[in-house]
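Enquirer: So you can see what is in the structure, the chains are spelled out below.
Protein chains: 2
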Amino acid sequence: MIKNIGSNTQLKKISSIIAYRAFSKATSVDNRFKCSLVQKYAARREYASKQPPKLTSETYSYVKRDEKYKKLTEQDIEHFRAILGKKGSLITDEVPSDLDFYNEDWMRKYKGQSKLVLKPTTTEQVSQIIKYCSEQNLAVCPQGGNTGLVGGSIPVFDEIILSVANLNKIRSFDDVSGILKCDAGVILENADNYIKDNGNYIFPLDLGAKGSCHVGGVVATNAGGLRLLRYGSLHGSVLGLEVVLPNGEILDSMHSLRKDNTGYDLKQLFIGSEGTIGIITGVSILCPPRPNAFHVSFLGVESYEMVQKVFQKAKNELGEILSAFEFMDKKSLQLTKSHISSPEPLEDEYPFYVLIETSGSNAEHDSAKLETFLSSAFEEELVLDGTVSSNESEAKNLWSWREMIPESSAAGGGVYKYDVSLPLKDLYSLVDAVNEKLEAAGLSSITDESKPVISAIGYGHVGDGNLHLNVAVRTYTKDVENCLEPFVYEFVSGKKGSVSAEHGLGFQKKNYIGYSKSDQEIKMIKQLKNIYDPKGILNPYKYV
Amino acid sequence: MIKNIGSNTQLKKISSIIAYRAFSKATSVDNRFKCSLVQKYAARREYASKQPPKLTSETYSYVKRDEKYKKLTEQDIEHFRAILGKKGSLITDEVPSDLDFYNEDWMRKYKGQSKLVLKPTTTEQVSQIIKYCSEQNLAVCPQGGNTGLVGGSIPVFDEIILSVANLNKIRSFDDVSGILKCDAGVILENADNYIKDNGNYIFPLDLGAKGSCHVGGVVATNAGGLRLLRYGSLHGSVLGLEVVLPNGEILDSMHSLRKDNTGYDLKQLFIGSEGTIGIITGVSILCPPRPNAFHVSFLGVESYEMVQKVFQKAKNELGEILSAFEFMDKKSLQLTKSHISSPEPLEDEYPFYVLIETSGSNAEHDSAKLETFLSSAFEEELVLDGTVSSNESEAKNLWSWREMIPESSAAGGGVYKYDVSLPLKDLYSLVDAVNEKLEAAGLSSITDESKPVISAIGYGHVGDGNLHLNVAVRTYTKDVENCLEPFVYEFVSGKKGSVSAEHGLGFQKKNYIGYSKSDQEIKMIKQLKNIYDPKGILNPYKYV
Numbered sequence: 001m002i003k004n005i006g007s008n009t010q011l012k013k014i015s016s017i018i019a020y021r022a023f024s025k026a027t028s029v030d031n032r033f034k035c036s037l038v039q040k041y042a043a044r045r046e047y048a049s050k051q052p053p054k055l056t057s058e059t060y061s062y063v064k065r066d067e068k069y070k071k072l073t074e075q076d077i078e079h080f081r082a083i084l085g086k087k088g089s090l091i092t093d094e095v096p097s098d099l100d101f102y103n104e105d106w107m108r109k110y111k112g113q114s115k116l117v118l119k120p121t122t123t124e125q126v127s128q129i130i131k132y133c134s135e136q137n138l139a140v141c142p143q144g145g146n147t148g149l150v151g152g153s154i155p156v157f158d159e160i161i162l163s164v165a166n167l168n169k170i171r172s173f174d175d176v177s178g179i180l181k182c183d184a185g186v187i188l189e190n191a192d193n194y195i196k197d198n199g200n201y202i203f204p205l206d207l208g209a210k211g212s213c214h215v216g217g218v219v220a221t222n223a224g225g226l227r228l229l230r231y232g233s234l235h236g237s238v239l240g241l242e243v244v245l246p247n248g249e250i251l252d253s254m255h256s257l258r259k260d261n262t263g264y265d266l267k268q269l270f271i272g273s274e275g276t277i278g279i280i281t282g283v284s285i286l287c288p289p290r291p292n293a294f295h296v297s298f299l300g301v302e303s304y305e306m307v308q309k310v311f312q313k314a315k316n317e318l319g320e321i322l323s324a325f326e327f328m329d330k331k332s333l334q335l336t337k338s339h340i341s342s343p344e345p346l347e348d349e350y351p352f353y354v355l356i357e358t359s360g361s362n363a364e365h366d367s368a369k370l371e372t373f374l375s376s377a378f379e380e381e382l383v384l385d386g387t388v389s390s391n392e393s394e395a396k397n398l399w400s401w402r403e404m405i406p407e408s409s410a411a412g413g414g415v416y417k418y419d420v421s422l423p424l425k426d427l428y429s430l431v432d433a434v435n436e437k438l439e440a441a442g443l444s445s446i447t448d449e450s451k452p453v454i455s456a457i458g459y460g461h462v463g464d465g466n467l468h469l470n471v472a473v474r475t476y477t478k479d480v481e482n483c484l485e486p487f488v489y490e491f492v493s494g495k496k497g498s499v500s501a502e503h504g505l506g507f508q509k510k511n512y513i514g515y516s517k518s519d520q521e522i523k524m525i526k527q528l529k530n531i532y533d534p535k536g537i538l539n540p541y542k543y544v
Numbered sequence: 001m002i003k004n005i006g007s008n009t010q011l012k013k014i015s016s017i018i019a020y021r022a023f024s025k026a027t028s029v030d031n032r033f034k035c036s037l038v039q040k041y042a043a044r045r046e047y048a049s050k051q052p053p054k055l056t057s058e059t060y061s062y063v064k065r066d067e068k069y070k071k072l073t074e075q076d077i078e079h080f081r082a083i084l085g086k087k088g089s090l091i092t093d094e095v096p097s098d099l100d101f102y103n104e105d106w107m108r109k110y111k112g113q114s115k116l117v118l119k120p121t122t123t124e125q126v127s128q129i130i131k132y133c134s135e136q137n138l139a140v141c142p143q144g145g146n147t148g149l150v151g152g153s154i155p156v157f158d159e160i161i162l163s164v165a166n167l168n169k170i171r172s173f174d175d176v177s178g179i180l181k182c183d184a185g186v187i188l189e190n191a192d193n194y195i196k197d198n199g200n201y202i203f204p205l206d207l208g209a210k211g212s213c214h215v216g217g218v219v220a221t222n223a224g225g226l227r228l229l230r231y232g233s234l235h236g237s238v239l240g241l242e243v244v245l246p247n248g249e250i251l252d253s254m255h256s257l258r259k260d261n262t263g264y265d266l267k268q269l270f271i272g273s274e275g276t277i278g279i280i281t282g283v284s285i286l287c288p289p290r291p292n293a294f295h296v297s298f299l300g301v302e303s304y305e306m307v308q309k310v311f312q313k314a315k316n317e318l319g320e321i322l323s324a325f326e327f328m329d330k331k332s333l334q335l336t337k338s339h340i341s342s343p344e345p346l347e348d349e350y351p352f353y354v355l356i357e358t359s360g361s362n363a364e365h366d367s368a369k370l371e372t373f374l375s376s377a378f379e380e381e382l383v384l385d386g387t388v389s390s391n392e393s394e395a396k397n398l399w400s401w402r403e404m405i406p407e408s409s410a411a412g413g414g415v416y417k418y419d420v421s422l423p424l425k426d427l428y429s430l431v432d433a434v435n436e437k438l439e440a441a442g443l444s445s446i447t448d449e450s451k452p453v454i455s456a457i458g459y460g461h462v463g464d465g466n467l468h469l470n471v472a473v474r475t476y477t478k479d480v481e482n483c484l485e486p487f488v489y490e491f492v493s494g495k496k497g498s499v500s501a502e503h504g505l506g507f508q509k510k511n512y513i514g515y516s517k518s519d520q521e522i523k524m525i526k527q528l529k530n531i532y533d534p535k536g537i538l539n540p541y542k543y544v
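Listed in order, the protein sequences are those of chains A and D. Take the UniProt record's numbering: the final residue in the first sequence is number 544, and no numbers are missing along the way. Take the UniProt record's numbering: the final residue in the second sequence is number 544, and no numbers are missing along the way.
The following block holds chain A by itself, in its conformation from the complex (with noise of 0.2 angstroms):
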C-alpha cells in the first residue's frame, strides 16, 4: 500500500515517511524494469489489431515500386546461400508465414513483401551479401529486433531483408574503463545484464522493448528512452562502430578511447541513420557504474507552469542523482484509471502530476536529498502533494501510472499518437491548442458518445523536452486526421521543435521531416545519402 504523505498540513510526516526508503539492490531494480516491461510489451501486442496488417502498399498506394531495383531471382538466392552455408540462416517463402515477423511490424500497421530474409553469423557474410546486392541492384531492409515504431525496419515491397540477430556476440567488455564491444544483434537486455554481472556496469540507454530490440538498432535509431536525461544521448556514449557500407566495404572504427581528436568523427553519421547509408554490424559503448539505489516519487502539481518550476528545482537539488523526470496531466490519469488495478497514487486530482526518479550510490544520501528537496518543495508551494515509494512493488506501481498511458488512450477506440520535441516552456501548450482546435471544430467530447475524440493527452519526459501527444477517439475519420495534420506539425515546426523526437523518420515520417529541417539541411542531409548510397539500395522509400 502506497502511503500518501501529501497535502499542505501534513508537512512534518514527510521525513518521517521518506527516510531511508529505497529498494537498494541493482537485481531487484532490475526485476522491477523487467517486470513493467514485459509488461509493457505484452500490451503492445495486445493493443495492436489481431488482424494481418494490410500490405503498406495497398495502405499507402501512392508510394510505388521503383523499377530500378532488380527482382529476386533463384541465381541469386544460390549466391547467397553460398555465402552463408549454414542451414537456418536464410528464410525464402517456401512456408510463406516463416517471412511474417519479418515482414510485420510490432504496431502491425505496416507490412513488406519480402520473399527472402538473410541472417548472417559475421560481418564478412554482410560484406559479401551488400556487395552482390550492390552490383545488382538488389535493394535491402536491414532488421534488427524490428521493435520500431516508424516502419523503419520492415520492407516496402520486395526489398531483401537483412536481420542482423545472428551477429549476437558479446566481442569484450572491459572492467575498468567500462567500455563494451559487441555485435549489432546483441538484444538490449542480454547487454545490460552481461555487464551488471561483469563489473556491475550499466547500459547507458533503457528501453520499453529491451528485452527485443538490438543494441545495433538503437544506436542505428538514435534511441533514446528512459536513461537519457541521467546518461544523455548515444552520440556521447557510443565510442565506436563496425559498419557495412553500400558498397559492401567494412568500415572499421571500432575504437575505445572517450578522446579521439583525429579527423572528422564518422561514426556519428551512422547514429540514427536508420540502415541508409550503412549497416551497423559492431558497436562500442562506454557503460556508466550501475547505482546501488532508486527511488520514485509521484506529486500533484498545479498548473504546467509549477511543473517547470518543479523540474528546475530538482534539477538543482537532486542534481547527480536525478535519473527520470515524467510528467502527465489529469486527462491521461482519468483514462488510465480505468485501466489498472493497483491504488491510485494520490487520493485528490491535479491538473498535472510529475514522476521523479532519482538513482544514485548511496540509498540513504538519496533518500535524504529526496527529502529535502520534497519538504521544501512543499513549502514553496510547488507540489501540492506526492507519495514516494518505500519497496519495489511500490515504486512498480508508481511507474505504471506513466507507463499505462499509452495503452489506456488507445482504448476507447483508437489513438492519433505524435512524438515531439518542443522547448519546454512550450511543451504543453501543443496538447492546449489541440484540444481547441478539436472542440471548435465540435469533433471532440468526453462524456457525448456521438463525437469521435474523447480528448488530447500529453504526457512524457519533460526532462528531455519530449512530449507524447495522443489523441484518444472512438473512431478514426477523416475529419479528425484532417483537424490534426498538418496543424500539429506546423504547431511543432512554429515552435523549432521536432516531429520525431525518438521514434525516428522511417516510411510514416519520410514526407514530414520538412516540419523540422530546413531546406539546406535536407539538401545536405540527401547530399550524404547519396554520396553513401548513390544506387540507393539501403533501406529505400524511407528516411528522406
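Chain A regions said to be covered by chain D (calculated; three or more residues, Cβ under 8 angstroms):
(1) 268 to 279
(2) 354 to 366
(3) 464 to 473
Derived from the structure by calculation, the hints contain no laboratory data. This structure is a prediction, so every number in the text was calculated from the model and none was measured. From the three backbone atoms N, C-alpha and C, an ideal C-beta is built for every residue, glycine too.
Given the structure of chain A, go ahead and fit chain D onto it with the hints provided.
Expert: Only chain D this time, still in chain A's reference frame:
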C-alpha cells in the same frame, strides 16, 4: 597546512579528518579554478620562447604555398572593407606588428604570414566574406581564441585570418532547460560566468585556457578538458550549431532539442573539424546544474595496476560525484618539487600518485562517500597514503601538483610532448617502453648531465584514457627525436590508441593521422573535406 591522513596504521584517523571538509560555495570554487588557470595561462606564456617564432614556412621548408590560391590584392581588401563597414574590424599590415597576435600561436612555435585579419560582427558578414573568398580562390584561416597547441588556428602562408572574436554575444539562456545559445566568439569563461549568474549552471567543459579560448573554438576542436569524465564529450552536449560553409552558405542548425531524430546529425561533422569544412558562428549547448561542493584528495599508490584498481573502485563507490581522476608517476612529482613552493602533499614517496576530485549537490554526502571510499581503499591496501583538502587553498595546492607538471618537465632545457589516448590497461606501458628505449640507446640519465634526456614521465586523465607523455630533455637532438618518433606513434597505433587525444591534428599532426585511423577512415574523411570544400579554401595545409 595539509594534514596527512595516510599510512596503514592510521586508518582510524581518516574519518575524523575527512568529515565535512568541502569548500561548499560555488563562488569560492570558481575563484580557485580561476586562480589556478590564470597561473597556468601565465605559465604557458613564460614557457614559450621569448624569441619571436620562426616562420612556419622556414621551419618546415618542405611545405610549399599552393599556387592555386590567389594572392591578396588591394581590391580584395576594399571589398572586405565594404562588407565590414566599421573601423577596427579589419587589420592590415600597415603596422606589421598588429598582425603578430593573429599570426603566432600560443606556444610561439608557428608563425604565419597573413597580411589581413578580418573580424566580422555578424554571421551574415562571415557569409559574405567566405562567399567572396570562394569565388576568388582566397585561402582562409578561421581563428577563435588562438589557444590551440597544434598550429591549427594560425595561417601557414598568406591565408586571410578570419577571427570570430567580435561575434561575442550571448544569444539566449533558458534557465529551466539549461540550454545556452551564443555566438562562437564568446570567451569560455564569460559563458560559464553568465550561466552561473543566470540560474546556477555550469558549462560542461573546462580548460586551462578558459579565459582566452572561445566557445566556438572548443567546439571546432572538440576540446576535452577537465570536466569530460563527468559531463562527457561535446558530441553529447552540443545541441545545435550555426556554420558558414566553404561556399558562404549559412547552415542554421541552432536547434535546442535534446531529442531530434529527423535525419543525419549534421552538426556532429563540424564538432572537431578544426575549421576545415565550415566556420562555426553560433553554438547551442546543454549545460548541467552547477555542483555546490568540491573535494580534492591526493593519494600515494604502489603500481599502475593499483591506479587502475583505485579508478575502478572510485567509479563504483563515488559514482555520480566523481569529477576528476588524474594520475602522475613518481618522476613527475620529483620534477615538480623543484618548481613549486607549496608543501608536499605526502611525506613519503610513492611510485604513483592519484588526484581525485568529487563535485556534487551536497557537501556532507560527498564527504561521507569519500570517507567510506578512502577508508576501504586503505583497508584493501589499494592506497598507501593520502590527504584530503579541507579548504579551498589546500585544494588549490593539491591541484597545483598536477598542474605544474607540464612546466616542470620543460624546465631542464626542453620537452617533447605527446598527448595520446590508450586503452587503460596499456596507458602507462608507453612511458616504460620509451624510458627503456632511451636508456638502451644511451641517451638518458637523471644524474649524468652529458646525456640529452633527463627522463620520460607520464601523467594525465586516467578517467578519460588520456596520457600525457613528456620527455624532459637537457637539449633537443636529432638522435632523441629519431629514438622517439615514429616509435611513440607506432606504439600507440599498435594498441589502437589515438595520437591526438584532445589537441587535434592542426598543422603539427596532419601527417600522423594514419597512426590512429585506417586507410578506409582517412579516405572517408578526405571525401567529406572534398565534398564540403572542393576548392580547399578553408584552413589549408592542415588536418588531412
